[in-house]
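Take a look at the letters that make up each chain.
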Amino acid sequence: MYLNQFLIFSAILFCIGVYGVLVRKNGVLVLMSIELILNAVNINLVAFGTFHGQAAGQVFALFVIAVAAAEVGVGLAIVLLIYRNRRSIDVSEADLLKG
Amino acid sequence: MIASLLEIGLAQTQELSSVGFDLVNVFFGLIAVVAIAAALKMVSTANVVHAALYLLVVLSSVAAVYVLLGAEFAAATQVLVYLGAIMVLMLFGVMLTRAKIGKETDLDYEHRWVGVLVGILMFAVMGYSLIEEFGDQKIPNDNYAPIQTEAVANEIFSTYIVPFEALSVLLLAALIGAVVVARKD
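For the record, the sequence lines run as chains A and B.
Anchor point for the first sequence: position 50 equals 50 in my numbering, and the numbering is continuous, going up by one each time.
Anchor point for the second sequence: position 171 equals 171 in my numbering, and the numbering is continuous, going up by one each time.
No lab work stands behind these hints, which were simulated from the structure alone.
Careful, some of the hints might be misleading.
[Unchecked claim] List time: in silico EDC-like cross-link candidates among lysine to aspartate or glutamate, alpha-carbon distance up to 16 angstroms: (1) A/25 / B/104; (2) A/25 / B/110; (3) B/41 / B/104; (4) A/25 / A/93; (5) B/41 / B/108; (6) B/184 / B/108; (7) A/25 / B/106; (8) A/25 / B/108; (9) A/25 / A/90; (10) A/25 / A/95.
[As the list claims (entries may be wrong)] With the Cβ distance kept under 10 angstroms, some of the chain B side facing chain A (calculated, not the full set): (11) 30; (12) 62; (13) 69; (14) 85; (15) 89; (16) 94; (17) 104; (18) 120; (19) 123; (20) 134; (21) 154; (22) 164; (23) 171; (24) 179; (25) 182.
The beta carbon of each residue, even a glycine, is placed where N, CA and C say it ideally should be.
Produce the complete structure using the sequences and hints provided.
Structure, rendered in structure tokens:
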């Protein structure tokens, strides 16, 4: 198998995730798109690990999974806080810092 | 006995990866099509719960790709952490923010074409540079044999011990942070 088929597959998933982050207004949907992006990166890491025949690629993928778990926990806490304060998780309405 | 079973399995995988080479490609194609279709539905559906379920399909496809690449431990962790824990968290988020069951109208910005443009431009740049750099490089056939979990553990607890400890501190900080942010005063 070519190395590129995995890399391009992950590039497609990455771009779909970026589209989701840019276009979605709902806070939870933005978090889901970020998960998609992190998964695309993980495919790259594992594919290169297999390409070089080393376990290091898998180790980095595991680190990314752990960081993603922490990110989702804090992210959802922030979304819940926004919902509690404003009764809506529309991220386009959370613009208090806008000049 | 388990060790001998593992060896038989390893030998069979190696045989498979040389004989059933096209079969692996077919499976990869199937998984890729399912994953990309589900991802596209995820970013375009008008129902938040459906989006979470489409994300579930994408995450399981990614776990299947890990298995194809011989990264068994990463695949198992993907299923446990992503499909098990993170998806439950996401569905809790959907539930606690009282998303409507059914279609919602105001989920996307009006100017969708900006997102489409950025996505296509990024893919063009990445695709061009990937093809230019790795155009005809193949993954060596021997490398498809599963990487033993023992090797992964050895790497984590020797070369990458400092990042591993930092990660545990990060998880603790995230745990405390989430509780502090979300609690009611």
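Holds or violated: are the alpha carbons of residue 25 of chain A and residue 104 of chain B at most 16 angstroms from each other? holds (12 angstroms)
A closest beta-carbon separation below 10 angstroms is what the hint needs, so does residue 171 of chain B meet it against chain A? holds (5 angstroms)
Holds or violated: is the Cβ of residue 164 of chain B closer than 10 angstroms to a Cβ in chain A? holds (8 angstroms)
Below or equal to 16 angstroms on CA atoms is what counts here, so check residue 41 of chain B against residue 108 of chain B. holds (13 angstroms)
For the restraint on residue 104 of chain B, tell me whether the closest CB of chain A is nearer than 10 angstroms. holds (8 angstroms)
When you check the alpha-carbon spacing of residue 184 of chain B and residue 108 of chain B, does it fall within 16 angstroms? Status violated; Cα separation ~30 angstroms.
Do the numbers back the hint for residue 85 of chain B, that is, is its least Cβ distance to chain A under 10 angstroms? holds (7 angstroms)
Given the hint that residue 25 of chain A pairs with residue 106 of chain B, test it: the Cα-Cα distance must not exceed 16 angstroms. holds (8 angstroms)
Holds or violated: is the Cβ of residue 134 of chain B closer than 10 angstroms to a Cβ in chain A? The hint holds - residue 134 of chain B has a Cβ within 10 angstroms of chain A, the shortest such distance being about 5 angstroms.
Proposed interface contact between residue 30 of chain B and chain A, which counts if any beta carbon pair is under 10 angstroms: violated (12 angstroms)
Closer than 10 angstroms between Cβ atoms is the bar; does residue 69 of chain B clear it against chain A? Give me holds or violated. holds (4 angstroms)
Taking 16 angstroms as the top limit, are the C-alpha atoms of residue 25 of chain A and residue 93 of chain A close enough? holds (9 angstroms)
Of the numbered hints stated above, those contradicted by the structure are hints 6 and 11, listed in ascending order.
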